[in-house]
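Trainee: Please build the complex by placing chains L, S and D on the supplied structure of chain B, with the hints as guidance.
As a plain string of letters, each chain reads:
Number of protein chains: 4
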Amino acid sequence: MSDQNPVFIPGPTNIPDRLLSAMHVQTRDHRAPDFVETFAPVLEDTKKVFATTTGKVITFPSSGTGGWEAAVTNTLSPGDKVLVARYGMFSHRWIDLCQRHGLDVQIIECPWGSGAPVDRFESALAADTGHEIKAVLVTHNETATGVKSDIAGVRSAMNAASHPALLMVDCVSSLASMDFQMDTWQVDIAVSGSQKGFMLATGMAILCVSPKALAAMETAKLPRIFFDFRDMMKANASGGFPYTPPLQLIYGMRESLKMLFEEGLDNVYARHFRLAEGVRRAVDAWGLKLVAQSPDLYSDTVSAIYVPEGFDSNALTAHAFDAYGVSFGIGLGEMNGKAFRIGHLGSLTDVMVLSGLATIEMAMADLDYPVKLGSGVAAAQEYFRTSRAPAAKAAA
Amino acid sequence: MSDQNPVFIPGPTNIPDRLLSAMHVQTRDHRAPDFVETFAPVLEDTKKVFATTTGKVITFPSSGTGGWEAAVTNTLSPGDKVLVARYGMFSHRWIDLCQRHGLDVQIIECPWGSGAPVDRFESALAADTGHEIKAVLVTHNETATGVKSDIAGVRSAMNAASHPALLMVDCVSSLASMDFQMDTWQVDIAVSGSQKGFMLATGMAILCVSPKALAAMETAKLPRIFFDFRDMMKANASGGFPYTPPLQLIYGMRESLKMLFEEGLDNVYARHFRLAEGVRRAVDAWGLKLVAQSPDLYSDTVSAIYVPEGFDSNALTAHAFDAYGVSFGIGLGEMNGKAFRIGHLGSLTDVMVLSGLATIEMAMADLDYPVKLGSGVAAAQEYFRTSRAPAAKAAA
Amino acid sequence: MSDQNPVFIPGPTNIPDRLLSAMHVQTRDHRAPDFVETFAPVLEDTKKVFATTTGKVITFPSSGTGGWEAAVTNTLSPGDKVLVARYGMFSHRWIDLCQRHGLDVQIIECPWGSGAPVDRFESALAADTGHEIKAVLVTHNETATGVKSDIAGVRSAMNAASHPALLMVDCVSSLASMDFQMDTWQVDIAVSGSQKGFMLATGMAILCVSPKALAAMETAKLPRIFFDFRDMMKANASGGFPYTPPLQLIYGMRESLKMLFEEGLDNVYARHFRLAEGVRRAVDAWGLKLVAQSPDLYSDTVSAIYVPEGFDSNALTAHAFDAYGVSFGIGLGEMNGKAFRIGHLGSLTDVMVLSGLATIEMAMADLDYPVKLGSGVAAAQEYFRTSRAPAAKAAA
Amino acid sequence: MSDQNPVFIPGPTNIPDRLLSAMHVQTRDHRAPDFVETFAPVLEDTKKVFATTTGKVITFPSSGTGGWEAAVTNTLSPGDKVLVARYGMFSHRWIDLCQRHGLDVQIIECPWGSGAPVDRFESALAADTGHEIKAVLVTHNETATGVKSDIAGVRSAMNAASHPALLMVDCVSSLASMDFQMDTWQVDIAVSGSQKGFMLATGMAILCVSPKALAAMETAKLPRIFFDFRDMMKANASGGFPYTPPLQLIYGMRESLKMLFEEGLDNVYARHFRLAEGVRRAVDAWGLKLVAQSPDLYSDTVSAIYVPEGFDSNALTAHAFDAYGVSFGIGLGEMNGKAFRIGHLGSLTDVMVLSGLATIEMAMADLDYPVKLGSGVAAAQEYFRTSRAPAAKAAA
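Protein chains in written order, with this note's numbering: chain B, 430 to 825; chain L, 430 to 825; chain S, 430 to 825; chain D, 430 to 825.
It is worth saying that the hints were derived from the structure and are not from the lab. Being a predicted model, the structure only gives us computed values, none of them experimental. C-beta: ideal position from N, C-alpha, C; glycine also. It is possible that some hints are incorrect.
[What the hints assert, rightly or not] Quick partial rundown of chain S residues pointing at chain L, CB under 8 Å, derived from the structure:
| id | residue |
| --- | --- |
| 1 | V436 |
| 2 | T442 |
| 3 | N443 |
| 4 | L449 |
| 5 | H453 |
| 6 | T456 |
| 7 | D458 |
| 8 | P490 |
| 9 | S492 |
| 10 | G493 |
| 11 | T494 |
| 12 | R529 |
| 13 | T631 |
| 14 | F655 |
| 15 | Q677 |
[Stated by the list, open to error] Subject to a maximum C-alpha distance of 30 Å in a straight line, what follows is the list of computed DSSO-like cross-link-like pairs (lysine-lysine):
| id | chain 1 | residue 1 | chain 2 | residue 2 |
| --- | --- | --- | --- | --- |
| 16 | S | K801 | D | K718 |
| 17 | L | K650 | S | K650 |
| 18 | S | K718 | D | K801 |
| 19 | S | K767 | L | K663 |
| 20 | S | K801 | D | K801 |
| 21 | L | K485 | L | K563 |
| 22 | D | K650 | B | K563 |
| 23 | S | K650 | L | K563 |
| 24 | D | K687 | L | K687 |
If we strip away everything but chain B, and leave its shape as in the complex, we get (with noise of 0.2 Å):
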């Protein structure tokens, strides 16, 4: 009788109510006028969460993982050098998907726990005076090591070093959840997914791509049909899809976007931040730390966490589900064993997010770790009362 715990993996996030019935609707035929009519307006206003103007709003029925391989074959040839960092699981899946495509991949080995290097990008860019990169790979927020990265600094890298090459951004598990700045940045791809800051069910990839990455589509040989955007660009314009459109995810969007912008993009972000920050709280209280190295690094829809040396963070998230019905995140790659994970995105609430750090307080206690019971919770809720938006508070 847990099924109205909530999650807390970093995705997909709890469903709230209100778009598990946006979803919840009969299939309708997706030739027909009214399909275009929903369609449309969806991809217009998917772009004001890339907050972009000039980008062109793509999916496609798959998961994040088919958004990278659409950004990659998309874009380049067999043996393009692409320029990445690796500084976590979802990194190094990027690296592993370019290489099997046959690209020629720069890593530059990061520390887990750090962020996009900046500083290494630009003298990496620098160095290519015959601009073979042709693109640079980034991962805005690390979902395994609750690390947001820099993109704003690696595009200063870029033009410091008046490097032509296409910007990439894996923003899976930041986008509609933390700011997002496709135009400001100049992203060239953004890729994303339905089931994290959209709050919907698995099974839509969410690109953004600018102008620049279109044309250079044009010239791109990798093969793809499945994910090939002219194919989906050429199908949408008419208010169609080059194969059947998954109906139920495009209403789902369509009422996400709806509760977005109700709320407002900037209040999303900011209760993302309050709710991962006394999520820290907890675990400064705790006497844990994160695996972010740094303040500046801190993901505010994620954040992964030592356990205590001598301690099995898998032994810890078994138990939390096994003994309590909460599903928390495993540590994934390098993290396995030495960090758990604690998703705060989609919709979430200060009250939810309570409850799961009373439970994982409970299974550090079954499991004898050295915290003291309710410690986390109170730090937490100090920060939520003291922090709550005036307005609220006003109300009261």
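Mentor: Okay, now just chains L, S and D, sitting in the frame of chain B:
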């Protein structure tokens, strides 16, 4: 964005997704054979929850109040004397209903916070040598004060006085959450509803009627049509309803019974006790007092908690709702302003309860209650983690 | 695998997906401010459907029968005389209800298939010089016979006799499907329900009460508690309910009203007329006869159709259900075995109606009725295609 | 108000309420043990629908097109020769996909309306003595023309030529609706999707892969990452997914399989034949012709129907949608303007089919087709009523 927070009102309760889906059914023909096949087992299985083999389950599309009206009008005649103790809002409202139906209500006034006064019932019944008292009306779980009454004790009192009155019990907020023994306690009419322990939408009164009460029906002269037992039983016998049945609730009831039996009724009761006990530990840690006067009276479905002298419980519940989006029960009747209530019945987990405790702690802190943040949560955590079922513990 | 077939019973009606979703809502606190904000506009908007500005809308968690009981018990006293015409099962059941409440029912017996006998009403009222008749009860749409009565005519008769009796109208199966004019017809109490024209689940009686009827309430002595207008109005005034409200139905009602207003009430009525007329064309093509005696009596929400001499209508409806999984209305009361009914109200389209006609044709053929396959369908098709709204035609 | 009308497009199909509810599930942790317990049996049970014991079921969050891409990229290398016959839009699109992946496609051009040319396949394979052809690609059910191909025949041709090529079959619009025999026909890769016979939302490609195809995977050099069989199988083996799984569809799939097995696969196929045959009787009664050239080619899931000379099929489908709110399939590719399609697969009943036939009749009449109203309906009615299963008849 708080639609995922649980409610902590003592009903209607949080509806599990499984039951929301079970009630999400298209219209079917209630005069067709498959309705019969659905409805008859629901009535039969509901008897198990009342713990009866001889009673008859009767439902009406209405609320618990409608159930009371049905109980009274089907078995009594104008001017009949009934014996009731008043110790809370719901016992009070039942008295009012009887008086407005022209019954002669003999009231035993008791302090709020106490339960059914077994001894005084016995005296009153013993004094009624002419057996003018036709029914004894008892509220099993007084939702306004969080008090559980001793129905077995009332039955003993009746037997000690060799009194033939009917025993009618309001178990609206106890059935399917706390142990109820229709047959063992020789209850004649038990009245409940769909929106508490059954975890469904509001809209169905659920009664169980003994053969003795059915016999009384033959001479009862209070008018009833919509709530007529005979019309309903006659229609039910051929699989129907005397008017349009609440189909969605009946399908929901079928699934609710499945859930209860899957968990096991004894486990359901044990879970409610654990959750209630966790709340009580928190209350104690806060230095607050329950309205219920002694441990034997503690309800496992709702706790009414006095706020400290000088504080207004209405301000507290209003603030918890405005600031944190969480509903708690207000103080009702005599308790208005003096006590708030935490409902802990229906579909609820340790984790959900902790989120409620954490919330009310913040609200109390905001309003300068002398309560330490995290203190109640920690007390409940400690209890929850040490009282988990051995089986679950082994699995960890 | 027939759960996608529509039902053709005269209520509960097919529930549009949009309304199923609107009722699929988690528990919220009915004592919290947002319930008030939801419920008050629902009551206000429902007045538009009754076409009243002076009436008061009152709802109860129950069925239409509960609504009748509320109408009678809130305005009359034991022994009061009421005038009713009996011309079908539902007018009969209302009479029975009055008698069981100890009213003195003056019955005008009419043949089934006829409607409210305006002239005989006038005579009876004129004869009642002492104004002993306190209320005239009329069934606007007799669901058993598919007969619509002339409420404006009844009002004229009352006025002609200068009779001060209350006019109570059962519009359960007509409201929100056929034109209803509370104010123009000076109806004092109109009784309807959630499961017909409002296309919702069963479970809410919906009444509209005139100021005159509210005044009568002050002296009415029939007992009522669950169905008490004053308790309900008092609670409603502060946004609440005297007991737990049927939250899901109230949210459903809000969406139902939106749907009705989006289509436009006049368009809703026109659609019902078209669908009904299509059915009548089919009946004519089959060589069968309606129970309703003349075109001015034809109901636009349900058609009762005589089977040919020597056939059993129960066998027909049973066969349609068993063989094709489609529910039609059985013949009720005097019509049992002699007539079957096609409900054509609520959420219904030309296309759905044609599927019902095609089905019953097959069932009739299977049972050797002298009916040509496709004949009724063709007659309805011809009517539907030529009577489409010009706007829709232009768009084609 | 037409949201209750069925669709008659050949997929996505009408979703039964039961499956909509099964997909209406809150996020659960896909890395938690209960996901494993859900997913493994789904893969296992899906094998029964493919009629295989040796094949491996592999799913991807995508559409059927993604499934094709997976089939090709996991087993072939750039420059590999494949043999395909083109006889419709979907065989054409598969050819295009192969060419864009750099395969050497040997195309057998066939008239639209014909099926897989078994003899010409045999000749081509016999001629390929060097076994350069690595795969034969066949569309089992060509959705554009309503043509079913003889896969057993193709297998015989391959065997007759003793050719070792892989046999890949597109069964997107046939699986779970028409008989499919993976093992008996020695199919190496079968490609389907969630939104046709499985009656679910679009979003999951469902493949079945033979051991021989799995072996080919080891040497295949076409790049694939998102669609990589090995990544998926490895993750599946431990109960997981290489990326976020489409949880809702997996729960839907579990329920869909239950529904199919409850009805019995043979009964499902028989039902589809009956419904298709009813449509064909109507087409005949209208004096129209199917695109499919001969009865052995008739598809049981979709009928493509030529409009008479001088009429435009696009105007017909557009009118049916605009005037009656019903979607039919448009003519695709060569058939655009010349033929319309009636999809009759998935969750469908006699009654629903009749509503579609009645609708298109009206639309044809509106556009002055030489078609008699009711004629097609009557032909289908006659067939439906006489071909009902004896059991159902006996029950009548």
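Trainee: Take the C-alpha atoms of K650/D and K563/B, compute the straight-line distance between them, and say whether it is at most 30 Å.
Mentor: Within the cut-off at roughly 24 Å; holds.
Trainee: Can you confirm whether the C-alpha distance between K767/S and K663/L stays at or below 30 Å?
Mentor: The hint holds at about 24 Å.
Trainee: Between the alpha carbons of K801/S and K718/D, is the straight-line distance 30 Å or under?
Mentor: Between K801/S and K718/D the Cα gap is close to 25 Å, so the pair holds against 30 Å.
Trainee: Regarding the hint that Q677/S lies at the interface with chain L, is the smallest CB-CB distance below 8 Å?
Mentor: 5 Å, holds
Trainee: Would the stated hint for F655/S survive a check requiring a Cβ distance to chain L of less than 8 Å?
Mentor: Holds, about 5 Å.
Trainee: Would the stated hint for L449/S survive a check requiring a Cβ distance to chain L of less than 8 Å?
Mentor: 6 Å, holds
Trainee: Does the closest beta carbon of chain L sit nearer than 8 Å to the beta carbon of D458/S?
Mentor: 3 Å, holds
Trainee: Go through the hint on T442/S and say holds or violated, using the shortest Cβ distance to chain L against 8 Å.
Mentor: 6 Å, holds
Trainee: Hint check: K687/D vs K687/L, CA-CA at most 30 Å. Holds or violated?
Mentor: 19 Å, holds
Trainee: Tell me if T631/S is really an interface residue toward chain L, meaning its C-beta lies closer than 8 Å to one of theirs.
Mentor: 5 Å, holds
Trainee: Given R529/S as an interface hint, is the shortest Cβ-Cβ distance to chain L below 8 Å?
Mentor: Hint holds; R529/S Cβ to chain L Cβ min 5 Å, cut 8 Å.
Trainee: Taking the closest Cβ pair, is P490/S under 8 Å from chain L?
Mentor: Where the cut-off is 8 Å and the nearest Cβ of chain L is about 5 Å from P490/S, the hint holds.
Checked against the numbered hints given earlier, the structure satisfies every one of them.
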